[in-house]
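Engineer: These are the residues of each chain, in order.
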Amino acid sequence: MDNTRVSETSSSTLPVNKERENKWPTSSQLPQPTLLETLAVWTTGYRPDPVRELQEKSYYDYPALKAPVWSWEIIWYFFMGGLAGGCYVLATIASLFGAKEDRIVARVGYYASLLALLPCPPLLIKDLGQPKKFLNMMRVFKVKSPMSMGVWGLLTFSMFSALTAVIQAARDGLLGKWWGAKLLARLPQRALAVPGSIFAIFLSGYTGVLLAATSIAVWSRSRMLGALFVSSAFSTSTALISCILRIVGAPVKTLHKLERIEWVNMLIELVNLLAFLRITGRAARALVGTGPREKGPTFWSMMFGSGLVLPWLLQTWLLFKKQPVSPRKKKRGGLGLIVSLLVLLGGYFLRKTVVEAGHVSSADARTSLWNARR
Amino acid sequence: MLEQRGRESVSSIAQGVKQLPQLLTLLHKETPPPEEPALGFFTDTSLCIGCKACEIACKQWNQLPAATPDWSGTSYDNTQHLGATTWRHVQFIEQIERRIPAGTGQSAQQTSSTLPKLSLFQPMDSAEAIPATPPGTALPFFNSDRWLMHSDVCKHCANAPCQEACPTGAIIHTEYDTVYVQQDICNGCGYCVVACPFGVIARDTGGDGQAHKCTLCYDRLKDGMKPACAKACPTESIQFGEVQELKKNAQERLGLLQEHGVSEASLYGADDKILEGGLHSFFLLLDEPEVYNLPANPARPSNHVLPTSLGTIITALLMGLMSIFFFSNKE
Ligand code: SF4
Ligand code: SF4
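Going down the list, the sequences are from chains A and L. Just so we're aligned, residue 1 is where the first sequence starts under UniProt numbering, counting upward by one. Just so we're aligned, residue 1 is where the second sequence starts under UniProt numbering, counting upward by one.
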């Protein structure tokens, strides 16, 4: 920045420069830290110091990195892909380890997984600069490139998800009573679901690895984004399944199990998120800061507050409240429905704010260069 | 624009399927041309006069459109950065008042009481040797103000993050070990854009939607010519040749400069440190890399894949085990 200043004599003749100078904050003029600002400082462990940061060198503060070209398509893809993978894993666990009444989780989970998966390929293709060349993605198999691996993983998982859901449909009698449906119903769904789950976990987590394997400071610095995304994928899928079950009605016992899983998942997500912010440190300002372009306000209110901490507290309260458990009873609605919806909302806003923070981070030359000093 | 893309993408799926036979021919692997010695650039910023001949020569040879004029208001550099249609870019770094002139110390302090304390005045070794002159009257030869010119370009990294990221295999190392984007393959996924630690490669959003950057004039190299920028440079600030030889020249030039008292000169990317293999297009700088918006020691993005994946797997296992526990738990 110091390079950009004009000499004193000429600055008085240049009103533009005068104005700009006056806008710079001095330490005494800084407003009192707000609640969000305090949270940002606590979680990242970095206290912004505009005066010192302005002294860091850069080329007229022009971005040192190119901005990502990704926008809403990729945000929805990350969210839906996470749901598709997570629902599949939960359904498999329910069918392998659950009691008899938990089968409904498997059924709903497999259908939800396929439904969430359907919009993914179109979203990904639309996101390309040359959508008609999307098949070129299948020219190579590149272990070093998470995007290449992602394409193959998505393809493989789609087959597993489709087959599992079709078997489920055949067993549920949705495909009619002809011989083909009977044959499908007899296929070993569980044996299929185990390898399928591995690809499901891959799909819910690789998106974080994809963002981490870039040069964008907020995405890559902590190497934690994969863990954060996979934990969000699990908590949003648990929320989605329990949300559906609460709408169609399900055994109280099953719902109770889901509630506890949701509680643990949210806790793990919270821990991952805090670790992510702390390790990312200064680079996380793009996500949690409250500066002009920083994503803090949306992040704290929509994601952290109402999308994670609030539902977790509600869930804790619900779990501690004594509930009369009559094993045969079915249940609908309830406060749990709101908890699930909040978690889903939080999961969407996590993807949205993280992707958008990447844009902000890439524009911040001084933080990018600081990140590369190592 | 976006809507148009959306409609395109719907019909594109059908088109993509129709493309299949052509794609199969793309799968066919041609035998690569025999390896040649690595070629690259040595950009010596101490010689650059900021004439922008390289920028224009590049645009002319590669038939790149002119940038839309946009006054930056910060310096004579209105191009501001490399881009999809700007593959050489000359930076103008104006370092005015790098030391405190004796006469103006007072007034400088006064203004700084209302301003953040920026180190406008960097002390220089020679500060004492130069007699103070009344402000604004110093002749260019006697003050320490300077303009640094720097012709920026793709670094043609030995381990290029853009190449490692590219999921289509569009980006390759050629037989000259330069980094090249095959335009018939690239589908504009944009992963290389965020992978490049130098902010070089960009997607041509207004144009064909694909990724573009310096080709090191691959077409000219094939015909035994030097790249257009190196040919046009009137001061030999851009030198082209075999990387090994260029690195030797660079060391010599650095030694010469330091002998003449230019102690701040340094080489950027000439050793094997940056990205674990060095840059085939490297620079001689007269200040810290950050002054030129160059990252001092960027991480190699592909190194993040393994640790991040590990964290992902551990979290997934933990959550899976918890779910198994709660599902099999019979109260
Ligand atoms: S500088 Fe960027 S675009 Fe050029 S080879 Fe290196 S990573 Fe690729
Ligand atoms: S935009 Fe093109 S060159 Fe860049 S990573 Fe994607 S396919 Fe490869």
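Just so you know, these hints were derived from the structure itself, not from any lab. There could be a bad hint or two in this list.
Unchecked claim - Calculated cross-link-like contacts (lysine-lysine; reagent style DSSO-like; alpha-carbon spacing at most 27 Å):
#1 L:K59 <-> L:K231
#2 A:K144 <-> L:K226
#3 A:K132 <-> A:K144
#4 L:K29 <-> L:K247
#5 L:K231 <-> L:K248
#6 L:K247 <-> L:K231
#7 A:K57 <-> L:K231
#8 A:K142 <-> L:K29
#9 A:K253 <-> A:K321
#10 A:K177 <-> A:K253
#11 L:K52 <-> A:K57
#12 L:K59 <-> L:K226
#13 L:K248 <-> L:K29
#14 L:K29 <-> A:K132
#15 L:K29 <-> A:K144
#16 L:K273 <-> A:K142
#17 L:K52 <-> L:K29
To be verified - Each pair of labels, with its calculated beta carbon distance range:
#18 L:Q251 <-> A:T34: 15 to 23 Å
#19 A:G333 <-> L:N297: 50 to 58 Å
#20 L:G277 <-> A:L96: 45 to 53 Å
#21 L:A66 <-> A:R293: 24 to 32 Å
#22 L:I314 <-> A:R293: 32 to 40 Å
#23 L:H28 <-> A:R47: 56 to 64 Å
#24 L:N329 <-> A:W42: 15 to 23 Å
#25 A:P188 <-> L:P32: 30 to 38 Å
#26 L:Q251 <-> A:R374: 20 to 28 Å
#27 L:N329 <-> A:P188: 23 to 31 Å
#28 L:F325 <-> A:L192: 18 to 26 Å
#29 A:L35 <-> L:L310: 30 to 38 Å
#30 L:F325 <-> A:F320: 35 to 43 Å
#31 L:L306 <-> A:L192: 27 to 35 Å
All of these numbers come straight from a predicted model, not from anything done at the bench. C-beta atoms are modelled at their ideal positions from N, C-alpha and C, and glycine is treated no differently.
Engineer: Need the status of pair K52 of chain L, K29 of chain L: alpha-carbon distance at most 27 Å?
Structural biologist: violated, 40 Å
Engineer: Does K231 of chain L lie within 27 Å of K59 of chain L when you go C-alpha to C-alpha?
Structural biologist: Within the cut-off at roughly 13 Å; holds.
Engineer: Between K57 of chain A and K231 of chain L, is the straight-line Cα distance small enough, at 27 Å or below?
Structural biologist: Violated, at about 32 Å.
Engineer: Does the Cβ pair Q251 of chain L, T34 of chain A satisfy 15 to 23 Å?
Structural biologist: For Q251 of chain L and T34 of chain A the Cβ distance comes to about 54 Å; the hint is violated.
Engineer: Verify the proposed pairing of K231 of chain L with K248 of chain L, using a straight-line Cα cut of 27 Å.
Structural biologist: Distance ~21 Å between K231 of chain L and K248 of chain L Cα, so the pair holds.
Engineer: Quick check: does the Cβ-Cβ distance between Q251 of chain L and R374 of chain A fall within 20 to 28 Å?
Structural biologist: holds, 25 Å
Engineer: Starting from K29 of chain L, check that the Cα of K144 of chain A is at most 27 Å away, please.
Structural biologist: Between K29 of chain L and K144 of chain A the Cα gap is close to 21 Å, so the pair holds against 27 Å.
Engineer: Are L306 of chain L and L192 of chain A spaced within 27 to 35 Å by their CB atoms?
Structural biologist: Between L306 of chain L and L192 of chain A, where Cβ atoms are some 29 Å apart, the hint holds.
Engineer: Falls inside 50 to 58 Å, the C-beta gap from G333 of chain A to N297 of chain L?
Structural biologist: Distance hint for G333 of chain A, N297 of chain L holds at roughly 56 Å.
Engineer: Please verify whether K253 of chain A and K321 of chain A have alpha carbons no more than 27 Å apart.
Structural biologist: Satisfied, since the Cα-Cα distance of roughly 15 Å is no more than 27 Å.
Engineer: Can you tell me whether the CB distance of H28 of chain L to R47 of chain A sits inside 56 to 64 Å?
Structural biologist: Hint holds: Cβ distance 58 Å, inside 56 to 64 Å.
Engineer: For the pair we were handed, K247 of chain L and K231 of chain L, check the Cα-Cα distance against 27 Å.
Structural biologist: Measuring from Cα to Cα gives roughly 19 Å; hence the hint holds.
In this structure, the earlier hints numbered 2, 4, 7, 10, 13, 17, 18, 24, 25, 30 are contradicted, and the remaining ones agree with it.
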